[in-house]
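Trainee: Sequence:
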Amino acid sequence: MRLAILPFCLLLVLSQLAAVAQAAGADDRDPTMRMVLDAPIKTWDEAIPLGNGLTGGLLWGEDSTVNLSLDRGDLWDERLPEIYLQEDWNYDTIRKLKAAGDQKEISRLFDAPYNNTPYPTKLPGGRLVLTLDPQQKAKSFALDMRQAVGRVDLSEGSLETFFSATESVAMVRVEGPPLKYEFLRPGGLDRLGYKPAEFGSDENVTWMVQEAALGLKYAVVLASRRVGDETQLAIAITSTSDGDDPLALGKRRVTSALSVGYDKLLESHRAWWDDFWSTSSVDVPNERIQRHYNLMKYFYGAASRPNSPPMPLQGVWTRDDGGLPPWKGDYHHDLNTQMTYFAYPTAGLFDSGLSFINLNWKLLPTYRRFAKEFYGVEGAAVPGVATLAGKPTGGWSQYALSPTNGLWVGQSFYLHWRYTMDLEFLQQRAYPWLSEIATGIVNLMEKRDGKLYLPLSSSPEIHNNSLRAWLEPNSNNDLALVQWTFEAIAEMADALDKKDDAVRWRSLRGQLDDLLVDDQKVLMFARGEPFNQSHRHHSQAMAIHPLGTLNLGGDENDRAIINATLERMHQLGTPAWCGYSFSWFSCMLARCGRADMALDYLIDYERAFILRNGFHANGDQIGAGLSNFRYRPFTLEGNFLGMQAVHEMLLQSWGGTVRVFPAVSDRWPNASFTDLRTEGGFRVSAKRVAGQTTEVRIEATVDGLLRLRDPFDGATAKWNRPNVRQDGDEYVITLKKGDVLIGARK
Numbered sequence: 029m030r031l032a033i034l035p036f037c038l039l040l041v042l043s044q045l046a047a048v049a050q051a052a053g054a055d056d057r058d059p060t061m062r063m064v065l066d067a068p069i070k071t072w073d074e075a076i077p078l079g080n081g082l083t084g085g086l087l088w089g090e091d092s093t094v095n096l097s098l099d100r101g102d103l104w105d106e107r108l109p110e111i112y113l114q115e116d117w118n119y120d121t122i123r124k125l126k127a128a129g130d131q132k133e134i135s136r137l138f139d140a141p142y143n144n145t146p147y148p149t150k151l152p153g154g155r156l157v158l159t160l161d162p163q164q165k166a167k168s169f170a171l172d173m174r175q176a177v178g179r180v181d182l183s184e185g186s187l188e189t190f191f192s193a194t195e196s197v198a199m200v201r202v203e204g205p206p207l208k209y210e211f212l213r214p215g216g217l218d219r220l221g222y223k224p225a226e227f228g229s230d231e232n233v234t235w236m237v238q239e240a241a242l243g244l245k246y247a248v249v250l251a252s253r254r255v256g257d258e259t260q261l262a263i264a265i266t267s268t269s270d271g272d273d274p275l276a277l278g279k280r281r282v283t284s285a286l287s288v289g290y291d292k293l294l295e296s297h298r299a300w301w302d303d304f305w306s307t308s309s310v311d312v313p314n315e316r317i318q319r320h321y322n323l324m325k326y327f328y329g330a331a332s333r334p335n336s337p338p339m340p341l342q343g344v345w346t347r348d349d350g351g352l353p354p355w356k357g358d359y360h361h362d363l364n365t366q367m368t369y370f371a372y373p374t375a376g377l378f379d380s381g382l383s384f385i386n387l388n389w390k391l392l393p394t395y396r397r398f399a400k401e402f403y404g405v406e407g408a409a410v411p412g413v414a415t416l417a418g419k420p421t422g423g424w425s426q427y428a429l430s431p432t433n434g435l436w437v438g439q440s441f442y443l444h445w446r447y448t449m450d451l452e453f454l455q456q457r458a459y460p461w462l463s464e465i466a467t468g469i470v471n472l473m474e475k476r477d478g479k480l481y482l483p484l485s486s487s488p489e490i491h492n493n494s495l496r497a498w499l500e501p502n503s504n505n506d507l508a509l510v511q512w513t514f515e516a517i518a519e520m521a522d523a524l525d526k527k528d529d530a531v532r533w534r535s536l537r538g539q540l541d542d543l544l545v546d547d548q549k550v551l552m553f554a555r556g557e558p559f560n561q562s563h564r565h566h567s568q569a570m571a572i573h574p575l576g577t578l579n580l581g582g583d584e585n586d587r588a589i590i591n592a593t594l595e596r597m598h599q600l601g602t603p604a605w606c607g608y609s610f611s612w613f614s615c616m617l618a619r620c621g622r623a624d625m626a627l628d629y630l631i632d633y634e635r636a637f638i639l640r641n642g643f644h645a646n647g648d649q650i651g652a653g654l655s656n657f658r659y660r661p662f663t664l665e666g667n668f669l670g671m672q673a674v675h676e677m678l679l680q681s682w683g684g685t686v687r688v689f690p691a692v693s694d695r696w697p698n699a700s701f702t703d704l705r706t707e708g709g710f711r712v713s714a715k716r717v718a719g720q721t722t723e724v725r726i727e728a729t730v731d732g733l734l735r736l737r738d739p740f741d742g743a744t745a746k747w748n749r750p751n752v753r754q755d756g757d758e759y760v761i762t763l764k765k766g767d768v769l770i771g772a773r774k
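FYI, the numbering for the sequence shown is 29 to 774, going by my numbering.
Among the hints, erroneous ones may be present.
[Claimed, not checked] Pairs of lysine-lysine, PhoX-like flavour, derived with a Cα cap of 20 angstroms:
#1 K400 with K390
#2 K223 with K70
#3 K390 with K124
#4 K245 with K223
#5 K245 with K279
#6 K419 with K400
#7 K70 with K167
#8 K419 with K390
#9 K208 with K165
Calculated directly from the structure, the hints in this document are not laboratory data.
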């Protein structure tokens, strides 16, 4: 590994790397920034997805009928089954029943209400049905991701729509003769015992008002006008969360939007999305993977904003087929939410990530009460399956009520700090939040033979809801989460100069067992439970990914465990996997440098487990024999794991070292990325040509020490700064905020 100072002319060329890549990404002709689907689209889950964080819509239909399924993130029925309010509905009851071997009673108390009582649940907003002139037939549906605009090409004219990024309305423009429109009430609401919706109209305004539970009322309002030879519509979804009279507010919003006009609102909408897309970009030589990546970035912009609810299972695209959403459309904290929000830091989409963080920060008082009332301890605890208000929905109690789920949520707080290096965020949010969740865990654990153990343990979702699912504490899933948490809090305490706290958390870490492995060094589910079957949730390997406490930077034994576990997972096959299992395993393989296998699993995920509009449908949709699951419930986590898999291939920064193209297959000889983020607060751009890294640009967003794994494979590196030094296979330099390091292969 040799160093040289970069000539000024080359420096100038490389300094334009980010701008050139960004400009290329901005090309409106880029097919990976568009999704075009032939008509008809006969089902909601293949629709064109649109949204602005709080509200969302699905554009679909056939012939002269175009549907816009409407959603709003805070429409929830927050009622709880009566049994949840009983004094003995708590962790102690589960412990006693488990000790007695009475899984049937556990299921009656904690799981049956989830299946038998329709609430709590996410609520669909309703459907707008547009009936066009009979001569106007839908030919194709399209999404322009860059502009966040949906389009229907008609046999005569077109329909265009967007959910304004700057105003609380959706706009529709239809060329041609006047059209008819009506709202349809979601059929699933009948199961909830609601009164019928109220429908009305007044001049050019039409509405539907629905009374829900616990005082919630929401209105879906539309205003229309003719402008030349086209019809313009403005749609708003308002609720009592906005004010006492959602109908009056909705009327004001839609009439105001029409007075501003479609084109004017589209200008500010486009400006917002231009800024969003300028954050970062990637360029990989697989068009399908590239389009999926772009679509997931679009999903962050369309469905997750700082002051809106975070994405539950289906984001702002709740099921619209006459029923209620699968799994209540809730917040599953045993994988789904965490993996949905795992890709945003590397993409630099911190505002999107704040949606998840802000809600969990707001709910901390609720989590304190839950720790006290359900677990009987001081501290805080996150229900493993929860409503928007942080209430437990119940379900399989081994996972839905596992106390360690909150620790995994805490990783989002930790990573947000590590990628932004925002000391104020660390001090005021990340450290106190995770400390309180961890305190609840410590108070719940029991000491035996000098080691700390949870009273109950499980490993999502091995043995499903059977008595066997209660594993001997601590399962590797629980143990890895607790290990990671104690280490992370100690690290945060160091950064805040809380010396006593750091000592305490490291002491607690020392009171935990090592991870459990079999005689082949394969990670087990738990003591007495070897990993010996295909399983959808890679819970036994949490330490490898996403936690990273077991990594290639460890000792020889660590690497042996990693390799043996990955090989066993591959050998056992995928018959019991869901779609997210493939994209997660791709992440794991890439994290461990297995580039070709990582790409193989990512390709299998993308080709078999997503619908034609990009929605992850869990089951094998093409009959490829990749999984025994053939069903199609749409959930988002598999999608975002697919996005993160690309990140893991292009850029890693665990363990304090930045790694450029650490797991890129030889099948991708040319690739590049612009302004991706790393731990330590660095903004990184790089280019790979003919299988070699040719250029790297790193900007410090805060003061810090950069450790960069040699990106040039030992070739002479040319740098624009004189103070780069070598340390083994790494380049090291201290950078100030705003400093830029540019390097190239000679």
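Trainee: Hint by hint, which ones does this structure get wrong, listed from lowest number up?
Mentor: Result: hints 2 and 3 break, sorted rising.
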